[in-house]
Amino acid sequence: MSSDIERDLIHQSAATLAQAIAEGETSSREVTQAHLDRIAAVDDRVHAFLHVDAEGALAAADSVDARRAAGEELGPLAGVPLALKDVLAMRGIPTTCGSRILEGWRPPYDSTVVERLRAADVIILGKTNMDEFAMGSSTEHSAYGPTHNPWDLERIPGGSGGGSAAAVAAFEAPLAIGTDTGGSIRQPAAVTGTVGVKPTYGGVSRYGLVALASSLDQAGPCARTVMDAALLHAAIAGHDPRDSTSIPDTVPDVVAAAAQADVRGMRIGLVRELSGEGYQPGVEQRFREAVGILENLGAEVVEVSCPSFDYALGAYYLILPSECSSNLARFDGMRYGLRAGDDGDRSVEQVMSITREAGFGAEVKRRIMLGTYALSSGYYDAYYGQAQKVRTLIRRDFDSAFAQCDVLISPTAPTTAFRLGEKVDDPLAMYLNDVATIPVNLAGNCAMSLPVGLAPEDSLPVGLQIMAPAMADDRLYRVGSAVEAALQDRWGHLLIEEAPSL
Amino acid sequence: MSAITRGEVAHLARLARLDLEESELDHYAEQLDVILQAVARVSEVAADDIPPTSHPLPLVNVMRPDEARPGLTREEALAAAPAVEDERFRVPRILDGDDE
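Just so you know, the sequences run in chain order A and B. The end of the first sequence is residue 1106 by our numbering, with every number in the run present. The end of the second sequence is residue 102 by our numbering, with every number in the run present.
The set of hints was computed from the structure by calculation and includes no laboratory data. Idealized CB from N, CA, C, for every residue including glycine. Just to be clear, a hint being listed does not mean it is correct.
Said to hold, decoys possible - Computed footprint of chain A on chain B, listed as stretches where at least three residues anywhere in the stretch have a Cβ under 8 Å from a Cβ of chain A: (1) 17–25; (2) 34–41; (3) 49–62; (4) 66–80; (5) 84–92.
Only chain A is shown next, with the shape it has when bound in the complex (with noise of 0.2 Å):
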């Protein structure tokens, strides 16, 4: 093991890094090094980061190296380096949201995961690229060029959070934090083979995280093993006072279900409502695989309807804008920001549309303006008042399934990777890549996706979605490990380690 990790440390997973850290086999600083170098020599290509700081990770890295040597004891991820999400607030470190409107912006404060980051001393490596305001599943919607995943450069890496899952995926971090509002989390994951977890909604603080949608974002994991996804989800999750929405209760044992891996005796749902038209067939013989699996490991898999999830894109593409309309109202050029044609003539009215004219890129205005209108008198009856009603009959569909089930799986997106440029200008091809993943969005439970095989016909990744009820993430790691492990004995692998080698 020794000589392993030190020949190939950004090959490991953070879980084995953080014991030979502990152990004294290597240090932080070479960790973070090496993670840094790795950066270096790809990242021209891949494009997943928008901002390095080389030099707090690397003083980040000796202050636990310093600690350790005290012999202070450190927590199961210190030392262990992460790509963080541009959509997170880091004091004094650049935060655009992939939006020119926030170029050079640098918080004064940090977010609640940033804090909780620091407190498990998990060296934060830089700030990954993203959707404009995370509306997106490609990352082609970053005002700064779009992110390329990492098994075929020519093709989107997810998203919004795709820039976290080609971290990634790529072996520049073992860890990374997403968020997902609609998916932004689990499609990137699927799409670059990697793991990543929609937590349950209020399970991790929204504290400074720049709010897209308010009722549906989430922070959460993304890593290449479900053990990781487990460690940093533990990291992070738990109450946080300065959110209001943030959960009271006591965080499952994410990590001790992610040990167990085992489905014995568990009954699995099979959504029906999410299979069928619009779904690779590559994807569905890797899910249907996936099945078989579940079932030699003693699961009990039966298929369940939710009538309701027909109707899930409709009612989020109208719940999101709205919201986000609303959200996005503060980018008004007056207290950071860019602003744009104010020469002294000029009334604020003129100078804040000028500013998020010249600021927001095509899809953030597609949505603002779907959103003004959904909220507009006349229309929000028919409209907006009408997809709160779909968000209750979707809750309602996941309380029957879970009454009958413990946990409900889908296959994550309905294909792999597609060409980047091939959706960009056609908004509803776009949304349909997260068909599978909003309805737990909205009804605020939480997923996680895994990686269940490559597509035979194009030799991509595909993920398995598994769902449960809000509050039982620690199902989500039971049965991701079981599947895991099950996938490993047979390949003698993960399938990351099939990747290009960049």
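Position chain B against the provided structure of chain A, taking the given hints into account.
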């Protein structure tokens, strides 16, 4: 039938403080129309007796102790401002010329 006209898009842009260019109006009118026709499916659900859900958590009136804690200093608050004058945010004029 189209759900949204070019004139309506111009109105929405004004409400949303977006100084759209003429060419953008046509483009967005077309795209918003396609999106609205798709999302309008939610109206197929007969839902007269269904209560709306605005939020996934049933939390109400969440309180915390009203304790003083440090906020931003003036320098921190102004550090990112596009324009500063006399240690304050400088903003463009807020009244139209006619009102002066």
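Results for each hint:
With a cut-off of 8 Å between beta carbons, the region 17–25 of chain B has 7 residues touching chain A; three or more are needed, and the interface restraint holds. Proximity of the region 34–41 of chain B to chain A, defined as three or more residues with a beta carbon under 8 Å from a beta carbon of that chain, is established by the 6 residues found. Counting residues of the region 49–62 of chain B whose beta carbon lies closer than 8 Å to any beta carbon of chain A gives 10, which reaches the threshold of three, so the coverage claim holds. Counting residues of the region 66–80 of chain B whose C-beta lies closer than 8 Å to any C-beta of chain A gives 4; at least three are required, and the coverage claim holds.
With 3 residues bearing a CB less than 8 Å from a CB of chain A, the region 84–92 of chain B meets the requirement of three and the coverage assertion stands.
Going through the hint list in order, the structure satisfies each hint without exception.
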